[in-house]
Amino acid sequence: GAVVSQHPSWVICKSGTSVKIECRSLDFQATTMFWYRQFPKQSLMLMATSNEGSKATYEQGVEKDKFLINHASLTLSTLTVTSAHPEDSSFYICSALEGFGNEQYFGPGTRLTVT
Amino acid sequence: AQTVTQSQPEMSVQEAETVTLSCTYDTSESDYYLFWYKQPPSRQMILVIRQEAYKQQNATENRFSVNFQKAAKSFSLKISDSQLGDAAMYFCAYRRYNNNDMRFGAGTRLTVKP
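Those sequence lines, one after another, are chains A and B. Take the first sequence: its position 7, counted from the start at 1, is 27 in the working numbering, and no numbers get skipped. Take the second sequence: its position 47, counted from the start at 1, is 48 in the working numbering, and no numbers get skipped.
If you're looking for bench data, these hints aren't it; they were derived computationally from the structure. A few of these clues could be false.
Calculated pairs, DSSO-like style, for lysine-lysine (alpha carbon to alpha carbon, straight line, at most 30 Å) [unchecked claim]:
no. : chain 1 : residue 1 : chain 2 : residue 2
1   : A       : 75        : A       : 34
2   : B       : 74        : A       : 61
3   : B       : 56        : B       : 71
4   : A       : 86        : A       : 40
5   : A       : 40        : A       : 84
6   : B       : 74        : A       : 34
7   : A       : 40        : A       : 61
8   : B       : 71        : A       : 61
9   : A       : 40        : A       : 75
10  : A       : 61        : B       : 114
Assemble the whole structure, with the sequences as input and the hints as a guide.
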């Protein structure tokens with residue numbers, strides 16, 4: 021089946037710094053990728069939809085200047101958390117839509133800890 | 002807006018027994034997809050089963066089957082012959098037919114007792 025990778029799997033950063041998370045579709049092209057956030061023991065909340073070559077669409081309440089999303093190629097989307105604060109600590113999951121949009125594949129997630 | 006409700010925060014089943022997880026959703030659309038995902042402790046989301054709303058027949062994948070009641074907007078997951086490896090969080094999800102983003106329920110934590 022299709023594989024989506026995320027890097028890094030776990031990152032610790034200091035408050036005020038920025039951190040970039042990569043999401044790659046390894047064996048298929050993904051014109052659309054999604055970024056989710058999951059707090060402990062909670063569900064996945066959609067943060068933004070990323071389309072290759074265009075600006076991301078952010079969900080209500082998500083700060084687009086804080087969570088920068090770049091979908092520069094058909095296999096790579098990046099999420100940059102700028103000026104991170106401890107409340108940004110969470111589990112971030114990306115997913116990629118394959119082909120004609122019928123199948124969505126999830127990455128293994130990235131745990132972000134801001135100290 | 003579409004919402005997905007899972008009313009059972011936790012469920013428990015004896016190994017080899019059957020358990021049913023509930024899910025209801027709210028939509029005004031007629032065409033959409035419904036999904037059940039499993040999230041084990043590794044937190045990797047694993048697709049368990051998928052149902053297209055236009056199909057009347059309930060989807061089945063080995064020990065996993067759904068009871069899709071479109072009029073009632075209900076989409077329950079039945080796990081037969083439960084195994085220890087089935088223990089995980091289970092999320093019900095909805096996706097509109099002509100839209101790509103997926104909406105998740107709050108999840109049900111399933112424990113399997115040996």
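Here is how each hint holds up against the structure:
1. A:75 with A:34: 28 Å, holds
2. B:74 with A:61: At roughly 25 Å apart (the allowed maximum being 30 Å), residue 61 (chain A) and residue 74 (chain B) satisfy the hint.
3. B:56 with B:71: Distance of about 10 Å is within 30 Å: holds.
4. A:86 with A:40: 12 Å, holds
5. A:40 with A:84: Judged against 30 Å, a Cα distance of about 14 Å means the pair holds.
6. B:74 with A:34: 45 Å, violated
7. A:40 with A:61: It holds: about 24 Å lies between the C-alpha atoms, which stays within 30 Å.
8. B:71 with A:61: Answer holds: residue 71 (chain B) to residue 61 (chain A) is near 29 Å, not above 30 Å.
9. A:40 with A:75: 17 Å, holds
10. A:61 with B:114: 21 Å, holds
The structure shown violates just one earlier hint, number 6.
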